[in-house]
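Protein chains: 2
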Amino acid sequence: MTDATNKKRILVAIDCIIFGFDGEHLKILLIKRGFAPEQDKWSLMGGFINPDEGMDEAANKILLQLTGLDGVYLEQLHAFGRPDRDPMERVVSVAYFALIDIHKYETQLSDQYHAEWFLINEMPKLIFDHDEMVEIAKQKIRYKAALHPLLFELLPRKFTIPQLQSLYEGVYNTKIDNRNFIRKLTSTGLLIKLEEKDKSNSKKGAFYFKLDKKKYKAKFQAFLNFIPNPENLIS
Amino acid sequence: MTDATNKKRILVAIDCIIFGFDGEHLKILLIKRGFAPEQDKWSLMGGFINPDEGMDEAANKILLQLTGLDGVYLEQLHAFGRPDRDPMERVVSVAYFALIDIHKYETQLSDQYHAEWFLINEMPKLIFDHDEMVEIAKQKIRYKAALHPLLFELLPRKFTIPQLQSLYEGVYNTKIDNRNFIRKLTSTGLLIKLEEKDKSNSKKGAFYFKLDKKKYKAKFQAFLNFIPNPENLIS
DNA sequence: ACAAAAGTGTTTTTAATACACCCATGA
DNA sequence: TCATGGGTGTATTAAAAACACTTTTGT
Chain R
1 MTDATNKKRI LVAIDCIIFG FDGEHLKILL IKRGFAPEQD KWSLMGGFIN
51 PDEGMDEAAN KILLQLTGLD GVYLEQLHAF GRPDRDPMER VVSVAYFALI
101 DIHKYETQLS DQYHAEWFLI NEMPKLIFDH DEMVEIAKQK IRYKAALHPL
151 LFELLPRKFT IPQLQSLYEG VYNTKIDNRN FIRKLTSTGL LIKLEEKDKS
201 NSKKGAFYFK LDKKKYKAKF QAFLNFIPNP ENLIS
Chain G
1 MTDATNKKRI LVAIDCIIFG FDGEHLKILL IKRGFAPEQD KWSLMGGFIN
51 PDEGMDEAAN KILLQLTGLD GVYLEQLHAF GRPDRDPMER VVSVAYFALI
101 DIHKYETQLS DQYHAEWFLI NEMPKLIFDH DEMVEIAKQK IRYKAALHPL
151 LFELLPRKFT IPQLQSLYEG VYNTKIDNRN FIRKLTSTGL LIKLEEKDKS
201 NSKKGAFYFK LDKKKYKAKF QAFLNFIPNP ENLIS
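Listed in order, the protein sequences are those of chains R and G.
Sequential numbering of the first sequence, starting at 1, is according to full-length UniProt numbering.
Sequential numbering of the second sequence, starting at 1, is according to full-length UniProt numbering.
Source of the hints: derived by calculation from the structure; they are not laboratory data.
The reader is advised that the hints may include incorrect statements.
As the list claims (entries may be wrong) - In silico DSBU-like pairs for lysine-lysine, Cα to Cα no more than 35 Å straight-line:
hint: 1; chain 1: G; residue 1: K140; chain 2: R; residue 2: K104
hint: 2; chain 1: G; residue 1: K203; chain 2: R; residue 2: K8
hint: 3; chain 1: R; residue 1: K7; chain 2: G; residue 2: K210
hint: 4; chain 1: G; residue 1: K193; chain 2: G; residue 2: K214
hint: 5; chain 1: R; residue 1: K219; chain 2: G; residue 2: K140
hint: 6; chain 1: R; residue 1: K138; chain 2: G; residue 2: K217
hint: 7; chain 1: R; residue 1: K175; chain 2: R; residue 2: K140
hint: 8; chain 1: R; residue 1: K214; chain 2: R; residue 2: K197
hint: 9; chain 1: G; residue 1: K184; chain 2: R; residue 2: K144
hint: 10; chain 1: G; residue 1: K61; chain 2: R; residue 2: K217
hint: 11; chain 1: R; residue 1: K61; chain 2: G; residue 2: K8
hint: 12; chain 1: R; residue 1: K125; chain 2: R; residue 2: K8
hint: 13; chain 1: R; residue 1: K219; chain 2: G; residue 2: K138
hint: 14; chain 1: R; residue 1: K213; chain 2: G; residue 2: K140
hint: 15; chain 1: R; residue 1: K140; chain 2: G; residue 2: K184
hint: 16; chain 1: R; residue 1: K140; chain 2: G; residue 2: K144
hint: 17; chain 1: R; residue 1: K61; chain 2: G; residue 2: K214
hint: 18; chain 1: R; residue 1: K144; chain 2: G; residue 2: K210
hint: 19; chain 1: G; residue 1: K204; chain 2: R; residue 2: K138
hint: 20; chain 1: G; residue 1: K184; chain 2: R; residue 2: K215
To be verified - Some chain R residues well away from chain G (every beta-carbon gap over 12 Å; in silico):
hint: 21; residue: G23
hint: 22; residue: A59
hint: 23; residue: F80
hint: 24; residue: R85
hint: 25; residue: Q112
hint: 26; residue: Y143
hint: 27; residue: E153
hint: 28; residue: N180
Where is the CB? At the ideal position from N, CA and C, for every residue including glycine.
Can you make the complete structure from the sequences, with help from the hints?
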């Protein structure tokens, strides 16, 4: 190890991959870049860290500044540092991913900020290495959600089982047997059934459920195994 | 997002948490720091990234420079960036962890470099936030090794089942039933039995095995579930 | 009365667990 | 011959998977 005296200082950025669910589809939030290089190209939300900020702190701040989002699920993904990843200057970027319920923030996002939701399978090409970041974030979510109740972060406070199932089916691009799915869900004890029904998708209506927050926190690290043989799916 | 013109550039470091197994115990490699601040305190292997290096590249280079290790398992862990983590100057550090077979590198490590192996449970306090890095690395290994055949990276080319079992028992600090353990192992198809026996630990001798490299690569991402209910163990 | 989505049980198959004795050998 | 660690098999239990019909209700 050598000391730092004659070492080169470089820019450290944060980029946020923001996933959202609207009750039907998994989407990603992108913005049109407002400055060179690559002006007017689509990009992840990003910014630079300031001298007085820790990493998570900086990530939360950037998320808040660019989208108005606060208090959402945010997790560090990976540090990206190819020397030529930004053509202007050497920048190391620490990527974070966020999970949100789209409806909860719909208005503030579209009105105040120049961000746009894209279907996860229909997104435009992104600048720099942002496509790679998104790919790795998708892998991470698939991996983690196969074992932990991560995807609840994408849902509103009350939601129906069919919604939840279609979320899982979307994330893993697979069909799930609904009897087995419900059995696994109920065996976790994470859900509380409400009186109310959602009749927007059927005549019969589907019962709303909410998360048992305490159990959710307690069991987040538990291995719940929602997805059969997830390794077969991770493409 | 704003552009980079008036942003502060900062130092980016790499720190490597190097785990090794000597056939009996899990150990960690540390060095005594040769310069201020915290001179003569124990530390992880670290260095700064150069303008022309990617992250993995820089990590490999630092590992090679400080230990002579090359071609070992090395994986990015997490970026650490508390503003005050290094008292001299703001430094963001990207931590990596490495897994090696201690015997394979024994001589070069002790002779050429000023590094020392410590039992994982008897290490000294480290500088800065290095203790936190080690803790997170241990968690990661426990998590990953519960699902993937990661711990083979710590073993020599030929090894015995009792060795492997004591490695797992050490990492998870638990006792494993050897009949069930062997059943899981053989069901993976990852092992090839050799003719030779290791008689250093018993009169009867234990058969050596080697990894089926092709199957290992193919199945590394598979969920193998070596450890029953790992979440109960991850303390 | 019918279309469309919600909800419900049972059987089969597979994997996990618990458990105890014989084997081979060098000292 | 005996002490030491290596190796082996079976029965039980639990979880995963496969599978199809009935219910509700708005139109």
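For each hint, the structure was consulted:
Between the alpha carbons of G:K140 and R:K104 the distance comes to roughly 33 Å, so the proposed pair stays at or under 35 Å and holds. Taking the CA atoms of G:K203 and R:K8, the gap is near 58 Å; set against the 35 Å cutoff, the hint is violated. With a C-alpha separation of about 44 Å, the suggested pair R:K7 and G:K210 falls outside the 35 Å cut-off, and the hint is violated. Distance restraint check for G:K193 and G:K214: the Cα-Cα separation of roughly 15 Å lies within the 35 Å cut-off, and the hinted pair is therefore satisfied.
Distance restraint check for R:K219 and G:K140: the Cα-Cα separation of roughly 18 Å lies within the 35 Å cut-off, and the hinted pair is therefore satisfied. Proximity of R:K138 to G:K217 is assessed by CA-CA distance (about 22 Å); at most 35 Å being required, the pair is judged to hold. This hinted pair checks out: R:K175 and R:K140 have alpha carbons roughly 20 Å apart, not beyond 35 Å. Distance check on the hinted pair: R:K214 and R:K197 sit about 24 Å apart at the alpha-carbon level, within 35 Å; holds.
Under the criterion of a C-alpha separation no larger than 35 Å, the hint pairing G:K184 with R:K144 is consistent with the structure, at around 23 Å. With a CA separation close to 40 Å, the supplied pair G:K61 and R:K217 exceeds the 35 Å bound. Simply put, R:K61 and G:K8 have alpha-carbon atoms about 17 Å apart, close enough for the 35 Å limit, and the pair holds. For the hint pairing R:K125 with R:K8, the CA-to-CA distance comes to about 32 Å; that is within 35 Å, so the pair holds.
Annotation: proposed proximity of R:K219 to G:K138 holds, straight-line Cα distance about 21 Å (limit 35 Å). Distance hint between R:K213 and G:K140 is fulfilled; the C-alpha atoms sit about 25 Å from each other, no more than 35 Å. Proximity of R:K140 to G:K184 is assessed by CA-CA distance (about 26 Å); at most 35 Å being required, the pair is judged to hold. Proximity of R:K140 to G:K144 is assessed by CA-CA distance (about 13 Å); at most 35 Å being required, the pair is judged to hold.
With a C-alpha separation of about 45 Å, the suggested pair R:K61 and G:K214 falls outside the 35 Å cut-off, and the hint is violated. In summary, the hint linking R:K144 to G:K210 is supported, as the alpha carbons are separated by about 31 Å, within the 35 Å threshold. Straight-line distance between C-alpha atoms of G:K204 and R:K138 comes to about 50 Å, which puts the hinted pair past the 35 Å bound. In summary, the hint linking G:K184 to R:K215 is supported, as the alpha carbons are separated by about 32 Å, within the 35 Å threshold.
With a least CB separation of 29 Å from chain G, R:G23 remains clear of the 12 Å interface cut-off, as annotated. The Cβ of R:A59 sits about 10 Å from the closest Cβ of chain G, inside the 12 Å cut-off, so the non-interface label is violated. A Cβ of chain G approaches the Cβ of R:F80 within 12 Å, the least distance being about 7 Å, so the stated non-interface status is violated. With a least CB separation of 9 Å from chain G, R:R85 falls inside the 12 Å interface cut-off, contrary to its annotation.
No beta-carbon of chain G is positioned within 12 Å of the beta-carbon of R:Q112; the least distance is around 15 Å. Listed as outside the interface, R:Y143 is inconsistent with that label: its C-beta sits roughly 9 Å from the nearest C-beta of chain G, within the 12 Å cut-off. The Cβ of R:E153 sits about 19 Å from the closest Cβ of chain G, beyond the 12 Å cut-off, so the non-interface label holds. No beta-carbon of chain G comes within 12 Å of the beta-carbon of R:N180; the shortest separation is about 18 Å.
In summary, the numbered hints that this structure violates are 2, 3, 10, 17, 19, 22, 23, 24 and 26.
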